[in-house]
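There are 2 protein chains.
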Amino acid sequence: MAKNITKKSENYSQWYNDIVLNADLAENSAVRGCMVIKPYGFAIWERLQAELDKMFKRTGHMNAYFPLFIPKSFFSKEANHVDGFAKECAVVTHYRLKNSEKGIVVDEEAKLEEELIVRPTSETIIWDTYKKWIQSYRDLPILVNQWANVVRWEMRTRLFLRTSEFLWQEGHTAHETKEEAIKETELILDIYANFLEKFMAVPVLKGRKTECERFAGALDTYCVEALMQDGKALQAGTSHFLGQNFSKAFDVKFSNREGKLEYVWSTSWGVSTRLMGALIMTHSDDQGLVLPPKLAPYQVVIVPIYKGRDDFEKVNKFCLNILKDLQDADIRVKYDDRDSHKPGWKFNEYEVKGVPVRLSIGKRDIEQNNVELFRRDTFDKKTVERNELIYSINKILNEIQENLFTRSSDFLNKNTFIVKNFDEFKDKINSGGFVLAHWDGTEETEMKIKKITKATIRCIPFESGESGTCVLSGKPSSKRVFFAKAY
Amino acid sequence: MAKNITKKSENYSQWYNDIVLNADLAENSAVRGCMVIKPYGFAIWERLQAELDKMFKRTGHMNAYFPLFIPKSFFSKEANHVDGFAKECAVVTHYRLKNSEKGIVVDEEAKLEEELIVRPTSETIIWDTYKKWIQSYRDLPILVNQWANVVRWEMRTRLFLRTSEFLWQEGHTAHETKEEAIKETELILDIYANFLEKFMAVPVLKGRKTECERFAGALDTYCVEALMQDGKALQAGTSHFLGQNFSKAFDVKFSNREGKLEYVWSTSWGVSTRLMGALIMTHSDDQGLVLPPKLAPYQVVIVPIYKGRDDFEKVNKFCLNILKDLQDADIRVKYDDRDSHKPGWKFNEYEVKGVPVRLSIGKRDIEQNNVELFRRDTFDKKTVERNELIYSINKILNEIQENLFTRSSDFLNKNTFIVKNFDEFKDKINSGGFVLAHWDGTEETEMKIKKITKATIRCIPFESGESGTCVLSGKPSSKRVFFAKAY
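For the protein sequence lines, the chains are A and B, in the order given. My numbering applies: residue 744 is where the first sequence begins, and numbers increase by one. My numbering applies: residue 744 is where the second sequence begins, and numbers increase by one.
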C-alpha cells in the first residue's frame, strides 16, 4: 500500500513530491521550471476556481482578459515595480523562425523594435488600459478580475509551490477614494480567508506585511498565512492597497464629484496554483492525498466487488442504482467499474487520490441491503443501510469537512508560540511553527533575525496588542508580530 | 440612437468594429495585435466556455494544463507542423532584465541556451508529455482538453477574428485504433456543430478540408463553416485526425491487446475567441449587438421609470419584487437602478449590448399591474400582466432563440448557390455566399480558382453527391464542394 510514497517523518519534502506525482496532480515538463497540471490535479484547481469565482462575482466583480505581453517600457513607469520583477522576466525578442542550414533558427530579420515581457503580473498593462476607461467618478469603481497564466523565471522550482509559469487570478480595481480602495483590499482579504477556511479547511492568520515583504509597487500588502505540517508557513494570498502609485505612473485621473481632476485609487490581489500546495501540505498523510469534500472532484467513489459475470451483473445493477441516487442528490461521484483492475488496486488508488468516501459493494451487501462505507480522513469503516445511504453520506461529508478544519486548527494552535527572549525565539523557530514575538519595527532588526534564524515576519496582526520590548534589540515594541520560516 | 455605429450597408467592416467597441466587447491594446477583452465581452465568452465545457465533460473529456513555452527543437520534430507555424512564432530568448545607463535593458548574460516558443498550439509539448503517460492499451484513451491562450504573430489583426494572442480550447486525444480516433474526430465535430446551432443560433456546414487547407500535421481536418451577413464564410471550428504523425514524431508507442508495440493514434480540435466574431456577424444589426438568450450574460434588463423620490420608492419596490422572481426562475437578469443615467440612455445602452429582453416599469404599470416588455431581435413591444410575467419571459426567450436560428438558417439557404459553369461561379462568388460547384480534386485547380476569384474551398461535404465536371478544368468530379470568400 502506498509503496511509492516516502514517509513524512523521513523526508517531508520528498513526501510532498511523492504525493503530487502519485495522486496524479502534476509533473515537471520538458520546459525548465514549467509544470504540467494533470487532469486530476486540474479538476481540483477547477473546483477552487469555481468557488472563488462565485465569491468574486457575488461581491460585484467581473472577469476580463488583458494581453499576455507587456512592452518593456511599461515596466519602467513604476520604479519599485520594475525593481521587483526585472530579475525574473521572460523576454520575447523575435516574432519568426526560419529554415536554415542549421535547421530551424530564429529569424534575425524579425526582431521586435521593443522587447515584450511575458506578464509576471498585469498592473502595468491594465493601468495603461484603465486610462482609456476612466474619465469621471461615474466610471468608478472598476472591479475586474482576470484568471490567467503568468511567468516569473525561477531557478529552483517545486511543483505548485514555485514554478516559472503558474496559474492565478489577479484582481485590479479602481476607486474614487482612498477609503473605498482600502475597504476593497480588506473585503478581498476576508474572501480569501473565508475561502481557505470554509472550502480548503485551511485555517489562516490575517495581517499586513512589513515594508520589505510588500508587493513591488504597493503602499500596503495584506496577507493570509497558513501553517504547513512541517511547521513552515505558506503565504496563501495577498491583497494590495496600491494607493495612487499606478494611476500616477500611467497618468490616470478622473473628475471627481466636485468636478476636480484627481488620481484614481487602486488595489490588486491574487491567489495562485500555490494554493494546491497549501491544500496538500495541510491535510495529506503517508497514505496519500486527503481532500476536503467541498473541493474533491469526486466526493464518493463506488467500487464493485464481484467474481465472474453473474456476480457482476447483480452487483452492477445495485451500483448503478446507487450511482443515480448520488447524482440526483448532487453528490460528485465516480463509479469505477473497470474490469482491468482488482478492487484492492482501486482501494489504494482512491486512497492515494484522497477521495473522501469510498463505497464497496459486493453480493453479500446486496443480500443484506447494506453498503460498506470507508472514510479517507479517519480510515473508519461503517456499514450503512441502503435506504439511509444518501443521508449518511451527506452527513459524513460534512463531518469530514469539519474534522479536517478542526485538525488543522488544532495543529495551528499547538504550533503558535509566544516567546519572551531571543533564545526561546531561536528554539521555537527551529522546531517549527509560528512564533509571536515583539519586534522594534525596523528593517535592520527584521533582516538580522532573518539572517540568524531564516525566519521572516509573516504578518503584523491588524488588532492592537500588548506592548513590550523587541526580542533582538530590546527596543520598545507596540505589539507582537508573527515570525516563521516559510515556503 | 446608436449614433456611433456605422450602417452595415455603408461599410460592413467598420460596422463590425463599431459593434465590438460600442457594445463594450473588446478593444485594441498597447501591444500590437493583442486585444483586451472587456468585462461584458468576456462574460459572453464565459457563457460559451461553460456550455462547451459541459459538452466535453459529458463525453468523457477532462481538462488539464500544459506549459505556455515550447522548446524550439520540439517544433522541428514534425516537419509539416513546423512549416505551418514557423513564420508566426513569438520567441523568448532571455530570462532577465537589468538596470543600465540606458534604463531597463535585456540582460545579455541571461540568454537561454535553447529559445522557447510561445505556444501557437500545443501538440508538440503535449505529445512529449503523453510519452510518459502511455505504456499500454490500458492507459488509453486519453481524452484531454485545455483552455488556454496561444500566440500566432499576425501582421494584420481584427478584434476577435485575427489577433496575435487569442483564447481557445484545444483538445488532444490518444487512442488504440485508427477507427477510434476517427470516431473521436467526428464526435467533436458534432459537438461543435450542435453548440453553434443550439447555443449560438449559427447554422453551419460540416465537411472536410482539402489537403492544402489542412492543419499542419493532420491527415484529415474536419470543419464547421458559417456564413456571415456580408456573404463571407467563417471557419468556426476544426477537428483533426492526426493519424500517427505526432506519436511517431515523439516516439509514443503502446503495447496493444496482443502485446505488440504500436504507435498511438491521435486527434486534436479547437475553437477560439473567433467564435465571438461569428456570433456578432450572424445576428447583429445597425442598432448594435443581438445575442441569443442562451449565451447572453443578462437575458433580461429591468429599467425603472420614475420622477422624484416618492415615485422611485414605489417603482423600486415593484422592480425588486420582479428581480427576485426572475432570479428564482434562473433567468439571468440585471436591474439598472442607477440614477446617474436617464431611461432613454439605458434603453439605448442595452439595445447596443444586445440584451434579449428589456422590461420598463413606471408608476402607471404598477397601477395596472402590468409590465412593458421589449424584444431586441424584432423591436416588438408588448404589455404583459405581472402574474404572467415569468411565463411570458421564458416563452419569449425561447422564441428569440428560435427566431435567430430561423433567420440565420434562411439567410444561409438563400445564399447557397449551385453553379453550372465558371461564369456563374464568378458571378455568385462576387455577390457573396456559399457556392456549390464541381471541382476536379487537384490543388492546381483549387489554386487557380483562388487566384482568379479569391474564393477557397471551405469544405468537402461528407455525403456522396451527384457527379459532374469541374467548373474550371472540365475534368470529372465525383461531387460538388463548397466554395466561398472567407474571413
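Mixed in with the good hints, there may be bad ones.
It does not matter which identical chain is meant; a pair holds if it fits inside one copy or across any two.
To be verified - Restricting the straight-line Cα-Cα distance to at most 27 Å, the calculated cross-link-like pairs of lysine-lysine (DSS-like) are:
no.: 1; residue 1: Lys-1037; residue 2: Lys-841
no.: 2; residue 1: Lys-1089; residue 2: Lys-874
no.: 3; residue 1: Lys-874; residue 2: Lys-1085
no.: 4; residue 1: Lys-820; residue 2: Lys-841
no.: 5; residue 1: Lys-1124; residue 2: Lys-845
no.: 6; residue 1: Lys-830; residue 2: Lys-841
no.: 7; residue 1: Lys-841; residue 2: Lys-854
no.: 8; residue 1: Lys-1193; residue 2: Lys-1124
no.: 9; residue 1: Lys-1085; residue 2: Lys-1106
no.: 10; residue 1: Lys-1163; residue 2: Lys-1085
no.: 11; residue 1: Lys-1003; residue 2: Lys-1194
no.: 12; residue 1: Lys-875; residue 2: Lys-1085
None of these hints come from the bench; they were simulated from the model.
Against the structure shown, which of the earlier numbered hints fail to hold, in ascending order?
1, 5, 8, 10 and 11
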